[in-house]
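Asker: The residues making up each chain are set out below.
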Amino acid sequence: MITVVALALLIASLLGVSARTRPAHACDLYAASREVSPWWNASAISGEYISAAAFLGMAGLVLAYGADMLWLPIGAAAGHVVLLTLVTAPLRRSGAYTLSDFAAWRLGSRTVRHAVSACVVVIGWFYLLPQFQGAGVTLSVISGLPVWTGWVAVVVAVGVMILPGGMRSITGMQAVQFWLKLIAVVVPGLIFLAVWRLQNDADAARAPYFHRPTTVTAGTSAGMRLTAPAVLTVRGVVDGRHHNGEPVRLDAGTHRVRAGARLRFPAGAAVPHTDQLTLLRGDRWATPFSGGRDHPLAATYSVLLSVLLGTMGLPHLVVRFYSNAGGRAARRTAKIVVLMLAAFYLFPALFGTLGRLYTPELLMTGETDATLLMLPHRILPGLAGDLLTILVATGAFAAFASTSCGVVVAVSGSISGNFGGGASGFRLSAVITMAVPLLLAVLTCVPQSMALITLAFAVAASSLCPLLVLGVWWSRLTPAGAVAGVLAGGGPATAAGLARILGGQRPGWLGMLIEQPALVTVPLGFAAMIGVSLLTRATVPAHTHRAMARMHLPEDRP
Amino acid sequence: MTERVTVTVRGARRRGPRRRPPDEHLEPGAARVRSLIRTQARLALATLTIVFLLLAGLPMLFACAPGLSHVRLLGVRLPWLILCGGVQPVWVVAAHRHVRLAERAERAFTEPARPE
Chain A
1 MITVVALALL IASLLGVSAR TRPAHACDLY AASREVSPWW NASAISGEYI
51 SAAAFLGMAG LVLAYGADML WLPIGAAAGH VVLLTLVTAP LRRSGAYTLS
101 DFAAWRLGSR TVRHAVSACV VVIGWFYLLP QFQGAGVTLS VISGLPVWTG
151 WVAVVVAVGV MILPGGMRSI TGMQAVQFWL KLIAVVVPGL IFLAVWRLQN
201 DADAARAPYF HRPTTVTAGT SAGMRLTAPA VLTVRGVVDG RHHNGEPVRL
251 DAGTHRVRAG ARLRFPAGAA VPHTDQLTLL RGDRWATPFS GGRDHPLAAT
301 YSVLLSVLLG TMGLPHLVVR FYSNAGGRAA RRTAKIVVLM LAAFYLFPAL
351 FGTLGRLYTP ELLMTGETDA TLLMLPHRIL PGLAGDLLTI LVATGAFAAF
401 ASTSCGVVVA VSGSISGNFG GGASGFRLSA VITMAVPLLL AVLTCVPQSM
451 ALITLAFAVA ASSLCPLLVL GVWWSRLTPA GAVAGVLAGG GPATAAGLAR
501 ILGGQRPGWL GMLIEQPALV TVPLGFAAMI GVSLLTRATV PAHTHRAMAR
551 MHLPEDRP
Chain B
1 MTERVTVTVR GARRRGPRRR PPDEHLEPGA ARVRSLIRTQ ARLALATLTI
51 VFLLLAGLPM LFACAPGLSH VRLLGVRLPW LILCGGVQPV WVVAAHRHVR
101 LAERAERAFT EPARPE
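Protein sequences appear in the order of chains A and B.
With full-length UniProt numbering applied, the first sequence corresponds to residues 1 to 558, in that order.
With full-length UniProt numbering applied, the second sequence corresponds to residues 1 to 116, in that order.
Please keep in mind that the hints were generated in silico from the structure rather than gathered at the bench.
None of these values were measured; they are calculated from a predicted model.
The beta carbon of each residue, even a glycine, is placed where N, CA and C say it ideally should be.
It cannot be assumed that every hint is accurate.
What the hints assert, rightly or not - Chain B is faced by these chain A residues, among others (derived, beta-carbon under 7 Å):
1) A67
2) A78
3) V81
4) Y97
5) A286
6) P288
7) H295
8) L297
9) R331
10) L339
11) A349
12) L438
13) A549
14) P554
To be verified - A partial selection of chain B residues facing chain A, derived with a Cβ cut-off under 7 Å:
15) V33
16) T39
17) P59
18) A63
19) G67
20) V71
21) P79
22) V93
23) A95
24) H96
25) R100
26) L101
27) T110
Please work from the sequences and hints to get the whole structure.
Answerer: Written out as structure tokens, the structure reads:
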């Protein structure tokens with residue numbers, strides 16, 4: 001398995017190096033030359049958008065929670081429609097590179113720039129954390145290496161790719177990596193589908209059980225819940241007692257399994273679940289809103305709102321439109337992105353469903369992010385499985401690398417611009433940008449990367465989305481209003497995110513809102529921004545109408 | 001949404017001369033600019049209405065009619081079929097339509113001003 005990983009890393013990095021050119025001057029570090037065609041740029045944007053969480057995490061979420069998670073891909077693509085209609089062309093025509101630049105240009109205020117930069121940094125951290133975590137889980141599941149090696153791998157890969165070359169170096173790489181990722185889901189997807197149809201027609205909706213004898217190694221110490229008594233072979237510590245590979249009868253209920261214990265289940269045994277996950281039997285897995293979570297409808301609306309509106313506030317995404325020739329090309333690019341994401345998102349639901357049949361033990365270890373990586377071997381043992389694993393692992397590393405690079409470049413471009421800029425400032429900012437999520441990755445107790453990434457969307461939707469929408473369409477926005485809105489929306493969303501990362505899950509309404517705060521924080525951000533703007537009417541920037549005209553008029557006007 | 005700014009706050013006069021409505025005298029086509037922005041805003045709202053109606057309606061539909069989950073089409077449960085394959089094409093069409101209309105509005109803005 002080590003060779004698989006090495007090969008995957010090698011392919012992914014070769015693609016990166018071959019697409020790299022040396023920057024001409026320091027300003028090129030974060031300003032790609034504007035000569036990229038819509039199709040090429042759309043590939044780069046989709047490549048950057050399809051992160052580890054989307055590539056691996058979506059399938060895992062479908063495996064664990066079923067129908068309730070099918071909303072996420074829909075919201076993700078819809079978020080790009082919203083971005084297209086409200087923001088792309090005007091933002092491109094404003095000529096601002098980062099979101100901080102846009103805010104400073106539109107409102108002419110340093111305070112607004114600082115507030116926006118702070119938000120960009122928080123979003124970047126929340127976005128990088130799941131990338132690190134996903135890489136850690138992936139590497140440990142397929143190679144047995146400790147989790148932190150995955151974090152180091154991502155940090156090193158990002159450092160190698162961006163520190164010498166900057167933004168220009170990664171435009172080509174991102175585009176190539178999108179097609180790599182698409183191939184890495186389409187090819188296994190079609191093969192799995194064919195094999196699954198030929199082998200058996202089992203309904204994935206029944207309670208998960210082991211189809212063949214399976215050995216599961218506990219990666220971390222955790223509780224597992226058995227629904228019925230079971231006899232299994234145990235090597236390691238279960239319920240505080242050490243076993244040496246003898247058969248053990250475990251009663252129904254929760255048992256503590258210490259890290260490193262190996263449990264062998266006979267064929268036909270029901271899959272015990274980690275105490276982090278609710279057991280979904282039969283129809284409950286396949287039916288929307290019956291997943292056992294509190295207030296599922298409100299939670300769904302909340303997550304849809306954050307993904308829908310948060311997309312436009314992702315700093316690494318919006319800077320990419322700067323590479324287009326103008327507003328019209330930017331709009332066409334956004335349209336192609338919607339098409340590309342729609343194609344990509346056909347597959348995670350299939351992988352999640354297959355995971356339920358072929359890799360159900362992930363429900364016990366909780367490492368559902370590994371679903372897609374483990375499927376090839378389970379469905380097609382032998383050489384075919386090996387080759388598909390290499391393909392999928394390459395796609396996964398491309399996903400870690402491209403999203404992490406994009407976020408680090410965008411965030412460091414934003415903060416180094418705040419403090420004067422320059423190449424060394426950019427590199428320092430890049431190091432700071434990566435250090436904090438690394439720390440959070442050590443502390444967090446949320447295992448699913450996709451659950452973490454919605455936190456970044458919630459912050460973006462509650463702070464930068466109001467700023468962009470009102471900044472582009474409402475001429476009465478004032479600097480004070482912008483700052484108030486960014487703080488009133490982004491502050492609570494950030495607090496909720498930290499509470500979720502460090503505090504785990506809670507029941508009831510409060511728990512739902514901590515997990516998905518957008519339903520409250522988005523209206524809060526908009527209300528504060530509009531309210532304070534109306535109160536400080538006298539301070540509407542003098543150049544507002546010129547700015548509005550510049551954003552909305554076509555470039556080729558007479 | 002796009003009216004020009006007028007300073008009406010009491011006390012503003014004391015601080016200095018009344019601020020002039022910005023740019024009105026510099027940019028002769030201000031009215032046309034406003035009308036273009038309004039057209040684009042209308043187009044955006046139309047597209048967003050489609051998006052929001054679908055995203056608000058579908059969860060409501062499935063929450064109110066959980067029995068839909070037992071209806072199968074082509075061997076796939078109806079909610080799965082709709083969510084995995086039915087909605088994304090709508091986004092693609094909506095995006096395509098929006099780009100076409102927005103570009104048409106821009107052409108209408110630039111072309112009459114061109115010399116014949």
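Asker: Would you mind marking each hint as holding or not holding in the structure?
Answerer: A quick look at each hint next to the structure:
1. Checking A67(A) against chain B by beta carbon gives a least distance of about 6 Å; that is within 7 Å, so the hint holds.
2. With a cut of 7 Å, the hint placing A78(A) at the interface with chain B holds, because the nearest CB-to-CB distance is about 5 Å.
3. For V81(A), the interface hint holds, since its Cβ comes within 7 Å of a Cβ in chain B; the closest pair sits about 5 Å apart.
4. Proximity of Y97(A) to chain B is violated relative to the hint, the smallest CB-CB distance being about 23 Å (cut-off 7 Å).
5. Evaluation of the A286(A) hint against chain B yields a held restraint, the C-beta minimum of about 6 Å falling below 7 Å.
6. A distance limit of 7 Å between C-beta atoms decides the matter here; for P288(A) the minimum to chain B is near 4 Å, and the interface restraint holds.
7. Taken as an interface hint, H295(A) does not check out: its beta carbon lies about 11 Å from the nearest beta carbon of chain B, beyond 7 Å.
8. Because the smallest distance between the Cβ of L297(A) and any Cβ of chain B comes to about 5 Å, under 7 Å, the interface hint for this residue holds.
9. Interface restraint check: R331(A) against chain B, minimum CB-CB distance 5 Å, threshold 7 Å, status holds.
10. The restraint placing L339(A) at the interface with chain B holds, with a minimum CB-CB distance near 5 Å, inside the 7 Å limit.
11. Residue-level restraint check for A349(A) holds (minimum Cβ-Cβ distance to chain B is 5 Å; threshold 7 Å).
12. The beta carbon of L438(A) comes no nearer than 35 Å to any beta carbon in chain B, farther than 7 Å, and the hint placing it at the interface is violated.
13. The criterion of a C-beta within 7 Å of any C-beta in chain B is met by A549(A), whose closest approach is roughly 5 Å, and the hint holds.
14. The closest approach between the C-beta of P554(A) and any C-beta of chain B is roughly 4 Å, which is under the 7 Å cut-off, so the hint is satisfied.
15. Annotation: interface hint on V33(B) holds; nearest CB of chain A at approximately 5 Å, less than 7 Å.
16. Violation of the interface hint for T39(B) is found here, the shortest Cβ-Cβ separation to chain A being roughly 10 Å, above the 7 Å cut-off.
17. Because the beta carbon of P59(B) sits about 5 Å from the nearest beta carbon in chain A, less than 7 Å, this interface hint is met.
18. Given the 7 Å rule on beta carbons, the hint for A63(B) holds: about 5 Å separates it from the nearest Cβ of chain A.
19. Checking G67(B) against chain A: minimum C-beta separation of about 9 Å lies over 7 Å; hint violated.
20. Hint status for V71(B) relative to chain A: violated, with the closest Cβ pair at about 11 Å, above 7 Å.
21. Taken as an interface hint, P79(B) checks out: its beta carbon lies about 5 Å from the nearest beta carbon of chain A, inside 7 Å.
22. The interface hint given for V93(B) is broken, as the beta carbon of that residue sits about 10 Å from the closest beta carbon of chain A, more than 7 Å.
23. Interface hint at A95(B): satisfied, since its Cβ lies 4 Å from the closest Cβ of chain A, which is below the 7 Å cut-off.
24. At about 6 Å, the closest approach between the beta carbon of H96(B) and any beta carbon in chain A falls short of 7 Å, and the interface hint on this residue holds.
25. Taking 7 Å as the C-beta cut-off, the interface hint given for R100(B) is violated, the closest approach to chain A being about 9 Å.
26. For L101(B), the interface hint is violated, since its Cβ never comes within 7 Å of a Cβ in chain A; the closest pair sits about 10 Å apart.
27. Below 7 Å, beta-carbon pairs count as interface contacts, and T110(B) has one with chain A at about 5 Å; its hint therefore holds.
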